[in-house]
Amino acid sequence: VLQPATHATHEAAFDYEGLYQAKLAKKHEDKSYRYFNNINRLAARYPQAHTAQTSNVVTVWCSNDYLGQSKNPVVVNSMKAALDTYGAGAGGTRNIAGNSALHLRLETELANLHRKEAALVFSSCFVANDATLSTLCGALPGCVIFSDKMNHASMIQGIRHSGARKHVFNHNDLDHLEQLLAQYPRATPKLIAFESVYSMSGTVGRIPEICALARKYGAITFLDEVHAVGMYGPHGAGVAEHYDYDASLQTPVGQRIPGSVLDQVDIITGTLGKAFGIVGGYIAASSSLVDMIRSYAPGFIFTTSLPPPIAAGAVASIQYLSASQRERYLQQTHTREVKADLAAAGIPLIPFMASPNLNVDRSALEQLLLKRFFFAPSFGIYEGVKGLYDYGPTGTALQQNLINLWRQHFVIEEDMLEVDCAIITPSKVLETSGHVAKFADWMCRDTGNNDVRRADHLVEEVLEARLESDALARKLAATAISGESAPAQKPKGKKGKKESAPTKLDDAVAAEYRRILAQIDNYDGEELGKLITKYDIRNPETGNTVSEPVAFNLMFQTSIGPTGTLKGFLRPETAQGQFMNFARLLDFNNQKMPFASAMVGRSFRNEISPRSGLLRVREFTMAEIEHYVDPMNKDHTRFDEVADITVPLLPSSVQLEGKTEPIMMTIGDAVSQGIVDNKTLGYFLGRIYLYLTSIGIRTDLLRFRQHMKNEMAHYACDCWDAEIFTTYGWIECVGCADRSAYDLRVHAASTKKKLCVREDLAEPLVYDKLECVPNSKVFGPRLKRAAKPMQEYLNSLPAEDLGNIKVSLLKDGKTTVTLSGTAADGDYEITSDMLTIENKTITEHVREYIPNVIEPSFGIGRILYALIEHSYNVRADDEQRGVLSFNPLMAPFKCLVLPLSGHSSFEKKLRETARLLRAAGVPARVDDAASASIGRRYARNDELGTPFAITVDFQTVEDNTVTLRERDTTKQIRGSLAEIVELVKNLVSGATTWESVLTQYQLVNTGSS
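Using full-length UniProt numbering, you'd call the opening residue of the sequence shown number 1 and step up by one each time.
Hints may contain errors.
[Unchecked claim] With a Cα cut of at most 30 angstroms, we get these calculated DSSO-like pairs of lysine-lysine:
no.: 1; residue 1: K788; residue 2: K840
no.: 2; residue 1: K752; residue 2: K806
no.: 3; residue 1: K754; residue 2: K634
no.: 4; residue 1: K814; residue 2: K908
no.: 5; residue 1: K811; residue 2: K840
no.: 6; residue 1: K428; residue 2: K753
no.: 7; residue 1: K504; residue 2: K659
no.: 8; residue 1: K754; residue 2: K788
no.: 9; residue 1: K753; residue 2: K438
no.: 10; residue 1: K788; residue 2: K769
no.: 11; residue 1: K659; residue 2: K149
no.: 12; residue 1: K769; residue 2: K753
no.: 13; residue 1: K23; residue 2: K71
no.: 14; residue 1: K530; residue 2: K567
no.: 15; residue 1: K475; residue 2: K438
no.: 16; residue 1: K769; residue 2: K709
no.: 17; residue 1: K592; residue 2: K753
no.: 18; residue 1: K777; residue 2: K811
no.: 19; residue 1: K428; residue 2: K784
no.: 20; residue 1: K753; residue 2: K784
no.: 21; residue 1: K592; residue 2: K754
no.: 22; residue 1: K428; residue 2: K438
no.: 23; residue 1: K754; residue 2: K438
[To be verified] Across the chosen pairs, the derived CB separations fall in these ranges:
no.: 24; residue 1: D760; residue 2: E512; range: 51 to 61 angstroms
no.: 25; residue 1: K80; residue 2: A465; range: 50 to 60 angstroms
no.: 26; residue 1: E413; residue 2: P185; range: 23 to 33 angstroms
no.: 27; residue 1: E512; residue 2: E844; range: 51 to 61 angstroms
no.: 28; residue 1: R745; residue 2: E413; range: 48 to 58 angstroms
no.: 29; residue 1: E414; residue 2: K811; range: 33 to 43 angstroms
no.: 30; residue 1: E512; residue 2: K592; range: 50 to 60 angstroms
no.: 31; residue 1: A376; residue 2: A465; range: 42 to 52 angstroms
no.: 32; residue 1: A340; residue 2: E366; range: 17 to 27 angstroms
no.: 33; residue 1: R785; residue 2: V807; range: 27 to 37 angstroms
no.: 34; residue 1: P562; residue 2: E414; range: 35 to 45 angstroms
no.: 35; residue 1: I96; residue 2: S199; range: 45 to 55 angstroms
Worth flagging that the hints you see were computed from the coordinates, not collected in a lab.
Quick reminder that beta carbons are idealized off the backbone N, C-alpha and C, glycines included.
Let the sequences and hints guide you as you build the complete structure.
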């Protein structure tokens, strides 16, 4: 008899409650915790309701009962009659005892409403979307789903559960959708999922245009009409019916209208729980599709059916709204009136997304990255130093792929001149560039323990915490009124510090905090100090006050050579090395303008408080471009290629209003409206967008934010940051600045070297110019060593200033001129006998100018980390199995080679397979640790982001065939070794897609994917 295994009683059990509390704490931390009010609708007084206290009556503004059908006597009486006849319960699932005449009648009504062959009713529309999409797309071989980025969570979940490949297209962006569709053969099964009315934005889907694209590319359409059924169209069938209003009104319900928009939609989903006022969801489509879903979808088969009274009420509501226009008319009329009243009162109605959707468990991801050695703290066995990291084999390969694609996208495609310059930079260079004086952040010290904090980050952290506490206090107050139990509180904070009770802020104070946070980057040190004092901002770790902010230069200083007299710095950017070589680069380019130089290399910044992993470090890799352009012509010959790209822009003017929602706008419109300064700057914003999205950055988690005046670098006249949303919030990853002619001008002045462009003019340029003509007998002897810098200064003055000096000399016989920034600084009296200022006619055959510089600057480590977060997910059937879904071009290792088991007969084929892959240019990794199951080996390489796996098994030994597994779908095919190697090569290069492969090969069921 087998005895149960025993363990020592002192062994600790898993802390289940601790996990629950940690999960809840995360919800509170990211402000996504949900609170549930006790609301009891009053049937006779709708939309009024009472809370837990029956005397406390409130008006419900957020009910889904759009048209009040839940209290319609026709609907209520139908439900009462069904209740008396058939009872309250459903009696079972539809395929056992829950399939009544009322259910069949309801489905007939729905099919007729949408003029489809059949309909199927579910317990909710969430279930309808999830079950239909997962079942249908899982059954279609190699199906590719194209999903609008603002689709409802139910559709997203159904798509995820299907295991099919998906592409998310920009909201209502037909060009983007067509670009994605065009990548696949017409024979590849494709489904376009979108909505008619998007409740979170108030926009309407472009149904006719999307249906046209579906026909063109051989796709089917899946339209969610949840917010539109009952509300639009002459019979309440939704927006699709509304497009053909007159034809629908004149054609009997249930009769097909060929060519109508409604007829072009393949699958329609809707709800009974909004305009119809009941509960439940449904699909309407062809008879065969409905029957397949009914036969295969677990969400339908194993769910108890709707109770007969519910079905009866739904039938009555559908019939009533199909015949009556009154409710829809009144609802739309009242809506317009309320909106007009709100507008008159100065209260805008705007869609607002509380926070971007990035569902990543950061702690689990960080454990994965450390376990698989993507990167780790440097010098870890000595307890390390903050802000320094070493990349492991996986992280190094990922970074190199990112850089290789950057070089291809920018350096090679744009024909840039690539350089590699010195890291150690003489102090004089950085003094001239302004970095020694101005490359600083504001820091303050804890007055108790001397801990150093960056001032703007401290203000941001404290004010955000107070706003979070305010939100929690308001929710707790609402909970107390409604009678619900209080929500779980967060566990203790860092270092065991007890958290204070939630504190409600005055509305004005909360609004002021939000305004400050919206423009936190716009404050200088003095202004930050005033904020710290005014709002009593302290170190949250200790509760101690902090000192006034002081500037801290971020550069690492060093000595060059043994004497210590030549000072230098580790470069804070690669740009200065490129500027030093401008003249040589211009000569290399045969004096042609415009042109660009580019460089990838290490830079160094002595961060005040490095944190957040790779996002704020002291040593990092940069990729920088310096595009030299004529200041009188900042057009770009390739601008038209990006002009129609729609990007999310957050201009400084919007930020100054305290807003953080970006504006969706084409690059062309942004330049023409003056939001982006010039076409070259706009061109690079477009190219940056294309690069980031091509490597796998999510479009819905990317925006371009314009620098505000006070945060603009000392060398810039306009600057935009490509910011990527991560679990740490919005992170600046790419800066794109118009540095004007600042750098070349100051270095030319300091070195007396010409850093300019000479351009032969087609026609001579003739103009009048004031010139200073010294009297050599008086000017030199009187000014001595100041004579030369004085003459240079006077001739550099604008014509207006030099003209004023001329007037003073003629009128008073003298004037005072101040020299600064020279070896002879001071005030000097200039008399009329020392010089004359004459008006001369100048004829120029050559134009000489200092170019302006447009600089895209990429933080490689930040982009890499953001890409990792955007690629991370967990298996739907096992949350402990993390997957990094890098696209094949970015994946550190392209293909895994592994044996089915440790059998000795596999060794030769294993080596041959790896050799063939590497010979084909495909980085391959062999995992022959046969002590682990093949499923476990697949899983750990999924954590590395390896997109493909070739398995050598017993059949390989017999006929030289192998299986090929794809990471995201876990589906496998089989083919000859040579065939599969060639296939992997094409998949990795992008010459073919996995979806296309699945249309050519049969799936292999191995049971271990």
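Here is what the structure says about each hint:
In summary, the hint linking K788 to K840 is supported, as the alpha carbons are separated by about 21 angstroms, within the 30 angstroms threshold. A threshold of 30 angstroms between alpha carbons decides the hint, and for K752 with K806 the separation of about 27 angstroms falls inside it, so the pair holds. Between K754 and K634, the direct Cα distance comes to roughly 22 angstroms. Compliance with the 30 angstroms bound is thereby established for this hinted pair. Between K814 and K908, the direct Cα distance comes to roughly 96 angstroms. Violation of the 30 angstroms bound is thereby established for this hinted pair.
A threshold of 30 angstroms between alpha carbons decides the hint, and for K811 with K840 the separation of about 21 angstroms falls inside it, so the pair holds. The straight-line distance between the Cα atoms of K428 and K753 is roughly 15 angstroms, inside the 30 angstroms bound, and the hint therefore holds. A C-alpha spacing of about 22 angstroms is found between K504 and K659, which places the hinted pair at or below 30 angstroms, so the restraint holds. Distance check on the hinted pair: K754 and K788 sit about 18 angstroms apart at the alpha-carbon level, within 30 angstroms; holds.
About 24 angstroms separates the Cα atoms of K753 and K438, which keeps this hinted pair within 30 angstroms; it holds. Pair hint K788 plus K769 holds up; C-alpha atoms about 20 angstroms apart against a cutoff of 30 angstroms. Using a Cα cut-off of 30 angstroms, the hinted pair K659 and K149 holds, with the two alpha carbons roughly 22 angstroms apart. The suggested pairing of K769 with K753 holds, with an alpha-carbon distance near 24 angstroms, which does not exceed 30 angstroms.
Restraint check for K23 and K71: not satisfied, since their Cα atoms lie roughly 40 angstroms apart, outside the 30 angstroms limit. For the given pair, K530 sits about 36 angstroms from K567 by alpha-carbon distance, which is inconsistent with the 30 angstroms threshold. Pair hint K475 plus K438 does not hold up; C-alpha atoms about 45 angstroms apart against a cutoff of 30 angstroms. Taking the CA atoms of K769 and K709, the gap is about 34 angstroms. The hint is violated against a cut of 30 angstroms.
Of the supplied pair hints, the one linking K592 and K753 holds, its CA atoms being roughly 19 angstroms apart against a limit of 30 angstroms. Distance check on the hinted pair: K777 and K811 sit about 23 angstroms apart at the alpha-carbon level, within 30 angstroms; holds. Restraint check: the Cα-Cα separation between K428 and K784 comes to about 27 angstroms, which is no more than 30 angstroms; the hinted pair holds. Between K753 and K784 the alpha-carbon distance is near 24 angstroms, which keeps this suggested pair within the 30 angstroms criterion.
Pair hint K592 plus K754 holds up; C-alpha atoms about 16 angstroms apart against a cutoff of 30 angstroms. Our distance criterion of 30 angstroms between C-alpha atoms is met by K428 and K438, whose separation comes to about 14 angstroms. In summary, the hint linking K754 to K438 is supported, as the alpha carbons are separated by about 25 angstroms, within the 30 angstroms threshold. Against the hinted window of 51 to 61 angstroms, the Cβ-Cβ separation of D760 and E512 comes to about 59 angstroms, which satisfies the hint.
For the pair K80 and A465, the supplied restraint of 50 to 60 angstroms holds, since their beta-carbon distance comes to about 53 angstroms. Separation of E413 from P185 is about 27 angstroms and conforms to the stated range, judged on CB atoms against 23 to 33 angstroms. Taken as a hint, the range 51 to 61 angstroms holds for the pair E512 and E844, whose Cβ atoms sit roughly 56 angstroms apart. In this structure the hint that R745 and E413 lie 48 to 58 angstroms apart at CB is violated, the actual value being about 30 angstroms.
One distance hint, 33 to 43 angstroms for the beta-carbon pair E414 and K811, is violated here, with the actual separation near 56 angstroms. Against the hinted window of 50 to 60 angstroms, the Cβ-Cβ separation of E512 and K592 comes to about 54 angstroms, which satisfies the hint. The given range of 42 to 52 angstroms is broken by A376 and A465, whose C-beta atoms sit roughly 30 angstroms from each other. Against the hinted window of 17 to 27 angstroms, the Cβ-Cβ separation of A340 and E366 comes to about 51 angstroms, which falls outside the hint.
Range check, R785 to V807: Cβ separation about 28 angstroms, and the 27 to 37 angstroms hint holds. The supplied range of 35 to 45 angstroms is met by P562 and E414, whose beta-carbon atoms lie about 43 angstroms from each other. I96 and S199 have their C-beta atoms about 35 angstroms apart, which leaves the hinted 45 to 55 angstroms range violated.
Comparing the model with each earlier hint shows violations of hints 4, 13, 14, 15, 16, 28, 29, 31, 32 and 35; every other hint is respected.
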